[in-house]
Every structure is written in C-alpha cells, then in structure tokens.
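Please put together the full structure from these sequences, using the hints given.
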Amino acid sequence: MHSFAYRANALLTFSLTVLSLICAMASVSDNFNSPFPTSQGQVPNINWFQKKPDGDDEVSLTLNVSANLQSLFTWNTKQVFVFLAAEYETPKNAINQLSLWDGIIPSEEHAIFGIHKLISIGLSIKSGNNLRDKDFNLTLHWHAMPKTGKMSADKIVMTGFRLPYTYR
Amino acid sequence: MGWVGDQIDSLRSMNVRQLLTQTISLGMIITSALIIWKVQQCVTGSESPVVVVLSESMEPGFQRGDILFLRMSKDPIRSGEIVVFNIDGREIPIVHRVIKVHERQDTGEVDVLTKGDNNPGDDRLLYARGQLWLHRQHIMGRAVGFLPYVGWVTILMTEKPIIKYVLIGSLGLLMIASKE
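Those sequence lines, one after another, are chains A and B. Read left to right, the first sequence gives residues 1333 to 1500 (my numbering). Read left to right, the second sequence gives residues 582 to 761 (my numbering).
Just so you know, the hints here were simulated from the structure itself, not pulled from any lab data. The hints are all genuine.
Calculated lysine to any residue pairs in the SDA-like style (CA-CA distance at most 25 Å, straight line):
{"#": "1", "chain 1": "B", "residue 1": "K655", "chain 2": "B", "residue 2": "V631"}
{"#": "2", "chain 1": "A", "residue 1": "K1482", "chain 2": "A", "residue 2": "L1353"}
{"#": "3", "chain 1": "A", "residue 1": "K1424", "chain 2": "A", "residue 2": "T1498"}
{"#": "4", "chain 1": "B", "residue 1": "K681", "chain 2": "A", "residue 2": "T1422"}
{"#": "5", "chain 1": "A", "residue 1": "K1466", "chain 2": "B", "residue 2": "E684"}
{"#": "6", "chain 1": "A", "residue 1": "K1487", "chain 2": "B", "residue 2": "R652"}
{"#": "7", "chain 1": "B", "residue 1": "K619", "chain 2": "A", "residue 2": "S1352"}
{"#": "8", "chain 1": "A", "residue 1": "K1482", "chain 2": "A", "residue 2": "H1442"}
{"#": "9", "chain 1": "A", "residue 1": "K1482", "chain 2": "B", "residue 2": "S654"}
{"#": "10", "chain 1": "A", "residue 1": "K1487", "chain 2": "B", "residue 2": "D703"}
{"#": "11", "chain 1": "A", "residue 1": "K1479", "chain 2": "A", "residue 2": "S1361"}
{"#": "12", "chain 1": "A", "residue 1": "K1424", "chain 2": "B", "residue 2": "P657"}
{"#": "13", "chain 1": "A", "residue 1": "K1410", "chain 2": "B", "residue 2": "S636"}
{"#": "14", "chain 1": "A", "residue 1": "K1479", "chain 2": "B", "residue 2": "I736"}
Now the structure itself:
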C-alpha cells in the first residue's frame, strides 16, 4: 500500500491532473480579454499591370498598411501570426484569396507596425484572366497562438480597392 | 533480483479464476480507451482528432513535440487557417497554414495552397507529382487548440520503438503480477 511504485503512481496522476487543470484555466482566462485592433491601408500606386502571352495577369503595386494589434496580447499569448490577404471575385470563382505578406509578432512591443512594400503578383489562369477594373479587398488576418489552449483568429476587412481598367 | 523472485512466486500462486479476472479487467481498460478515442473522432468530425507536430516548419508557433487538437466542420476553408492534410503516398499528415484559396461559384469546391510559417516557399514541392492544389478531401481538420511538449512521448515511442515494447511489456507484467 505504501510501496514506492504506489506512491510514484499517485504522484504522477496527481501532477498530470493539476497540470491539465492549470492549462485549461489559462486558456479560459483568454476569454476575458476583449481586443480592439485597428488597421488602415492604402494602395498609393499601381506600378504596372500587364497581360502575359500565356493568359496570366501580372500586377505590381505598392502597399501601405499600418496596424495596431497591441490589445490582442494577453499573458497567455506566445505570438501573433499576421498576414495580409487580397480577396476578389471572378466569374468562375466565388472567392479568391491570396496572401501578400506575412509576419510574426513575438510580443506586445512589436504589435504596432506598418507595412510599406512593393508587391508583384503573377495571377495564374486559375484565377481567371480578366482582372481589369476588378474590385478587391485587403484583409488583415491575425492568428493569436497561446502558450497553452485555444487559438483564436480574426480579421479586419478593408474594402474599396480597385485594379485599373487599362493595362499599363 | 529478489523483487523478480517475488513476482514469479506470486504468479505461480494464482489460480485460474484470478487469471481470468485479470484478463477481463485488462480487456475492459483497453476497450474503454478505444471507446473514448472513437467518441473523440465523432465529436470533432475528424479522423484523428489529436496530432503531434513532428517538424520545425511552423516555428516559432508550433515546436516539435506539441500536440494539436483538430476539428473539421463544413465551414468553407479560408486563408489563414491552420490545416492538417494528407498527401497521397505520404503517411504522415502535415500541419501548415492556408495561404491561397480559390472557391468555385457553382460547386463550392476549393483549391487550396498551403505553406509552413517557417518555410521559405509554398508546399507545392510536398504535394504529389503533378498536384498543384489541395482539395477538401485531402484536409483532415483545422487546428483549434494546442498543448506544448506533451507530444514528446509519442515522438520518443515512434523513433525508438524499443521504448514502446519495454513500456508495454512492463505494464503487462505489472498487471498480471499485482493481485488487485
């Protein structure tokens, strides 16, 4: 009854139970955090927009996005993975999503950031080759990864961007 | 050595009825573990509701040895979700993030491209020969929660199978030799 094996077994079971309880509580504590992230984006310049001979479209644009994601961080947050996606609709596809940029925010100090980038995208035939005068959204997605427990993801959609009507 | 001698003595002094009881209780434990596993599969809707992260392609978010909890629902697959998928011809599922989605208007079918956070390029190199996109049937589930470090037990047992045999062997011996 009081052998070494019995005591070791009891200790192991107890510690595992307590550990899993603590992990669950840490995860639940994240629910009390109500985040209010903000972001703005502009596309100041479309550098070029061409149709390639094999039917694909290529566009190069300058992105200017700034965001403040500080309120997403809690004591249980390990990192926030953030990426910027462009979403648009074509006659063939209800929705197309492309990731333009991604980054990792390791801590709260880095959570206010700006992206100022020149992006060139080659859009394949799959996305339809008629992208002239196309509306698109820029969506800032983030994915908060905790130290233990439930992950949460959300996004801010910035609408109102448009590809030009003529190739240039 | 004296301990082993004791165990052998206790083995010899058992009668048939006790042996049968032991076997049945062992069978009950195994069956209830199986039931719990199957119920997990039903509840989360995915074939393997828990996976262990084996590679470093999602660092620093997921380290080797972390456990991921999966859930599969009929919701559309969108970029940013972390999905676990199988490639034909590879037996180990891969956990990466969706970066491109093309969804058909009429049928609702999706073409999906994935990339590991820590990888320089997308996953086309990993897909089967000639395959450019993933479809819904390849995807086993979405990651919804995770526990760090717990998966190291599984990694150890897979990479050094001798540990698995030693563990199960000694558990079996303990079960038979104890009289409770």
